[in-house]
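Construct all of the structure, not just a fragment, from the sequences and the given hints.
For the record, the sequence lines run as chains G and F. First residue of the first sequence? That's 1 in our numbering, and the numbers climb one at a time after it. First residue of the second sequence? That's 1001 in our numbering, and the numbers climb one at a time after it.
Since the hints were derived computationally from the structure, they do not count as laboratory data. Hints should not be assumed to be uniformly reliable.
Stated by the list, open to error - Pair ranges (Cβ atoms, derived):
| id | chain 1 | residue 1 | chain 2 | residue 2 | range |
| --- | --- | --- | --- | --- | --- |
| 1 | F | A1245 | G | E69 | 55 to 65 Å |
| 2 | G | T14 | F | K1018 | 50 to 60 Å |
| 3 | G | R455 | F | N1248 | 27 to 37 Å |
| 4 | F | N1248 | G | A27 | 23 to 33 Å |
| 5 | G | K19 | F | A1168 | 32 to 42 Å |
| 6 | G | D18 | F | E1043 | 46 to 56 Å |
| 7 | F | K1018 | G | P458 | 14 to 24 Å |
| 8 | G | N433 | F | R1250 | 25 to 35 Å |
| 9 | F | P1141 | G | L147 | 47 to 57 Å |
Claimed, not checked - Mimicking DSBU-like on lysine-lysine, the simulated pairs with C-alpha atoms at most 30 Å apart in a straight line are:
| id | chain 1 | residue 1 | chain 2 | residue 2 |
| --- | --- | --- | --- | --- |
| 10 | F | K1171 | G | K368 |
| 11 | F | K1171 | F | K1018 |
| 12 | G | K347 | G | K377 |
| 13 | G | K35 | F | K1171 |
| 14 | G | K347 | G | K4 |
| 15 | G | K347 | G | K437 |
| 16 | F | K1131 | F | K1171 |
| 17 | G | K407 | F | K1018 |
| 18 | G | K19 | G | K347 |
Beta carbons: idealized from backbone N, C-alpha and C, even for Gly.
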Amino acid sequence: MKEKPINHAGAAATFIADKPHLDFHDARLWDMRQKRDAQMHVLPEWQDLRSRASAIKEHALANLADYLEEFERNAKRNGIHVHWAADGTEHNRIVAEILAARGARTLIKSKSMVTEECDLRPYLAARGVTVTETDLGERIQQLDDQLPSHIVVPSVHKLTEDVARIFARHYGTDPDADDPHQLAEAQRLAARPVILHADAGMTGGNFFVAETGTFVVCTNEGNADLSATVPGVHIATIGIERVVPRMADLGVFIRLLSRSALGSPITQYTSHFRGPQDGGEMHVILVDNGRSARLGMDDFWTSLKCIRCGACMNTCPVYRRSGGLSYGAVYSGPIGAIIDPTFNERKYSTLPYASTLNGSCTNVCPVKINIHEQLFKWRQVLVEHHQMPFVKREIMHMAGKLMGQPKLYRAAIAGTETALGTLPRFALYNWLNPWGKNRELPEPVKETFHSWYRRNRPAAKPGQTDNAENTP
Amino acid sequence: MTARAGGGAEGESPMRMKIGLFVPCYVDAFYPGVGIATLELLERLGQDVTYPQEQTCCGQPMTNAGCVSDSAAAEALFVRLFAGFDAIVMPSGSCTHHVRAHFDAIEQTDAVRHVRANTYELVEFLHDVLKVRDFPWAEFPHTVGLHNSCSSLRALRTASMSELGEPAFSKPMTLLSGVKGIRFATPARPDECCGFGGTFSVSEEAVSARMGLDKVRDHHQAGAEYIVSADSSCMMHQRGCAERAGVNIRFIHIAEILNGARQ
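Written as structure tokens, this is what we have:
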């Protein structure tokens, strides 16, 4: 049986019906966009930074195999174990093997979108490993058994009272105490013993540097540093596209990342990992999971430039009003809508349509991914691959025919009744009907411009053919 | 041969161009006044304007849905009707963007290339080609909120975009500033999409309507009596949202104001 496409529109309608959540979500993310703008205005070289970041990424992607091998050589020299994972299953198996070899039963980890892609937590849970997320938002999502709704602020769709209820369920705290400081304290108290006694730690990685064989993790809570250093074993999972050639390139990205993401000049912690601590172990797992295939897609390979800042989500008027969970995918928002179909074309075939193609995402992207043009292009690919719903496809087909025939077209719009007779009723009623749910229809007019023109410019210019002349 | 008006020495009278007027399908059917104002305004400015009567649609709805091949008939018809003009002018940013950037369903002949290169949205045609700045016949003593469609703003670049931090400019604002008595309201999120988005307005009804409502409220709270735009499609949607929610605001196309509409 074929998988059903995600019903983004339906989930978005449910999200919108909840006014307190909608209002907070829109305001919070718009505030991040405003702060991002303020940071941009501080740096006159902003557009130059974007161009450089884009060029470095394109260069790195165009020479990906070489830089990956260079990284591997240098990382090994630094005492780092380097593993290669072709897909999520292989990644998870590697993690499980590292843990099993050391008898590790508890794993603390900081936020990593790649591990979400790989569905790591259920895999390890089934093998008796307890995984604890140490990022506050990610921990909230873990306790609530939901995907992150945003790649930087994973629980931004929740209000403090939601968090209070979740913590009450899991930590036995007061379900009505929703003061953010109290909630953060509750998390701290619950997390500290777990962190102190964990057998192994795991992080993601924002960038890894080919020339030095090192990698960088950017966080605001310091939880990645705890996850990496408190236990003796540090496993870092990183997508292969995150490589930069030189240490000097990093400055460009570090300056752009948090400014684009949260509108802060830099993340609270920018940690460089250069090798295992004394007596410890460090593993880097480089994950492909569809990236090589994406690199081969002429129209979509530049989506691999993404540094996961979330700026496109914050500015997206659709995302702000539909919430990340409505995308039903690990990656939501505009960047999700162009990446997700590479994982599963049918399941995510609706996502490129969850956009007005307004282009704001492209403008804020720090690495200049032409996101809205890729959304536009994805629609063509999906239609070519027969992923458009039948009724919509038929309407477009009929509309296209109608637009090529002036006489028929004039007949169709001559009056509502004619239009109803020309277009099939099921189409009008079932597909176009949603217009009137929350909107009035335009008022009918006495005559079209076409008809006005014929009455008022009777000396129609010679040389014009007018096949519509005999329209009834 | 393409004529260029207004580019000569000061005092030189603008060149008379042979202009093909395209009136988008929804303007033809729902907002004929916008087509009339566009025609009259161009005639008032001394242009030789023809409305080819066989015209239908530019093909944008099909292409934006991903059904590129279904736009071929509309695009071929468009080129047949408009290839003979110096310039093709239309009161719509999104149709202009489609012709200029996405007319890809048909073979790229010289005629197609000519049409793509010489199609203008009304505001950019007035501002960049005819270089009109004064509209002495126009008076609009009201506070208006300017809505730039995303196609006009981010594809045609008729105004500066907040995301880029570039120096502020606005071609529609420059034109409207030549109208007596007009005042401008400043909405909080002037660049935010209103949520029309063509078929998006029905396939994503809830998000679309919510975006429209937020848009009209933003203008209303900024003190706008009218929302003025170069795109009737956005306004058709916004008007529907405002009427349903009881937001007391009116709508007018920029061509109507520039042509001297009195309200």
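Can you let me know if the beta-carbon spacing of G/R455 and F/N1248 is within 27 to 37 Å?
-> holds (34 Å)
Proposed proximity, G/K437 with G/K347 (alpha carbon, max 30 Å) | Distance ~27 Å between G/K347 and G/K437 Cα, so the pair holds.
Would you say the C-beta atoms of F/A1245 and G/E69 sit inside 55 to 65 Å of each other?
-> The hinted range 55 to 65 Å holds for F/A1245 and G/E69, with Cβ atoms some 60 Å apart.
Look at the Cβ atoms of F/P1141 and G/L147 and judge whether their distance stays inside 47 to 57 Å.
-> holds (54 Å)
Given a hinted range of 23 to 33 Å, is it respected by the beta-carbon distance of F/N1248 and G/A27?
-> Given about 24 Å between the Cβ atoms, the range holds.
G/N433 and F/R1250, beta-carbon distance inside 25 to 35 Å?
-> holds (27 Å)
Is the hinted pair G/K35 and F/K1171 satisfied, with a Cα-Cα distance of at most 30 Å?
-> The hint holds at about 27 Å.
Given the hint of 46 to 56 Å, check if G/D18 and F/E1043 actually sit that far apart at their C-beta atoms.
-> Check passed, 52 Å falls within 46 to 56 Å.
Would you mind confirming whether the straight-line C-alpha gap from G/K19 to G/K347 stays at or under 30 Å?
-> Holds - the C-alpha atoms of G/K347 and G/K19 are around 28 Å apart, at most 30 Å.
50 to 60 Å as the expected CB spacing between F/K1018 and G/T14, which holds or is violated | holds (54 Å)
30 Å Cα cutoff - pair F/K1171, F/K1018 | Between F/K1171 and F/K1018 the Cα gap is close to 23 Å, so the pair holds against 30 Å.
Hinted pair F/K1131 and F/K1171, Cα distance within 30 Å = OK: F/K1131 and F/K1171 at ~10 Å, within 30 Å.
Every hint from the earlier list agrees with this structure, and none is contradicted.
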